[in-house]
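Heads up: the sequence shown at position 176 corresponds to 182 in the numbering used here, and the numbers run straight through without jumps.
Hints listed in this document are in silico derivations from the structure and should not be mistaken for laboratory results. Among the clues, some could well be false.
Ranges of calculated distance between the beta carbons of each label pair, as one might list FRET restraints [unchecked claim]:
1) R99 with R182: 18 to 26 Å
2) G168 with R71: 13 to 21 Å
3) R100 with L67: 14 to 22 Å
4) S96 with S179: 20 to 28 Å
5) E124 with A173: 40 to 48 Å
6) R192 with A155: 16 to 24 Å
Cβ coordinates follow ideal geometry from the N, Cα and C atoms, glycine included.
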Amino acid sequence: MSDPMKPRLVEVEAAATTAPLGYYSAVSTAFESYHAELYNFLRRSTRDEAAAEDLLQEAFLRLTREVDAGRTPEHVRAWLYRVASNLAISRGRRRTTAFDWMSRYGRQSLGEDVESPEAGVLARERTSALDTVLATLPTEARTALLLSADGFSGEEIAAAIGRSHAATRALLSRTRVRVRLELEQRGDVR
7 MSDPMKPRLV EVEAAATTAP LGYYSAVSTA FESYHAELYN FLRRSTRDEA
57 AAEDLLQEAF LRLTREVDAG RTPEHVRAWL YRVASNLAIS RGRRRTTAFD
107 WMSRYGRQSL GEDVESPEAG VLARERTSAL DTVLATLPTE ARTALLLSAD
157 GFSGEEIAAA IGRSHAATRA LLSRTRVRVR LELEQRGDVR
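Using the sequences provided together with the hints, build the complete structure.
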């Protein structure tokens, strides 16, 4: 028996691409159907609520542009996840570059207070082991793992991150092994 709270995807997809209610009905239908789950995915991917909101807004803005150009995606949900994944990956790359620059030139040159070693240790101790391990993963691997945890199929994950199905299976396998080994090293495997 299906969950009455979860939309049946086939019906939602059909409504999003063929709804006669107006020019942007596909966007409004998609927003109503997917914004909560897409936000949750982005929040877990970025570990930042504000960034997740920004990326969610950008994903739906891009959908609006596609509809405006007459290119409504055939599978709106998959298209949105692909765009959201790409936005999260791009954000991760930009942040990595910014953090590298800041670690070399930023804090001392800007005169900002540097966190004390004790405060840093206490902050790390408050972070859960799994979140710590997930944070060490490349953005693409973390995205694939989170999509897998949300029940997406290998084909859907491959489409979302822009890899072949075989490459995605290999990425997921390597990522799962890496997470398990790191948790075992920390003594946090249950």
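For each hint, the structure was consulted:
Checked against the hint of 18 to 26 Å, the C-beta distance between R99 and R182 comes to roughly 23 Å, which is consistent with it. At roughly 19 Å, the beta carbons of G168 and R71 sit within the given window of 13 to 21 Å. A C-beta distance of roughly 18 Å is found between R100 and L67, which places it inside the suggested range of 14 to 22 Å. For S96 and S179, the Cβ-Cβ distance of about 25 Å falls inside the hinted range of 20 to 28 Å, so the restraint holds.
Checked against the hint of 40 to 48 Å, the C-beta distance between E124 and A173 comes to roughly 44 Å, which is consistent with it. For R192 and A155, the Cβ-Cβ distance of about 20 Å falls inside the hinted range of 16 to 24 Å, so the restraint holds.
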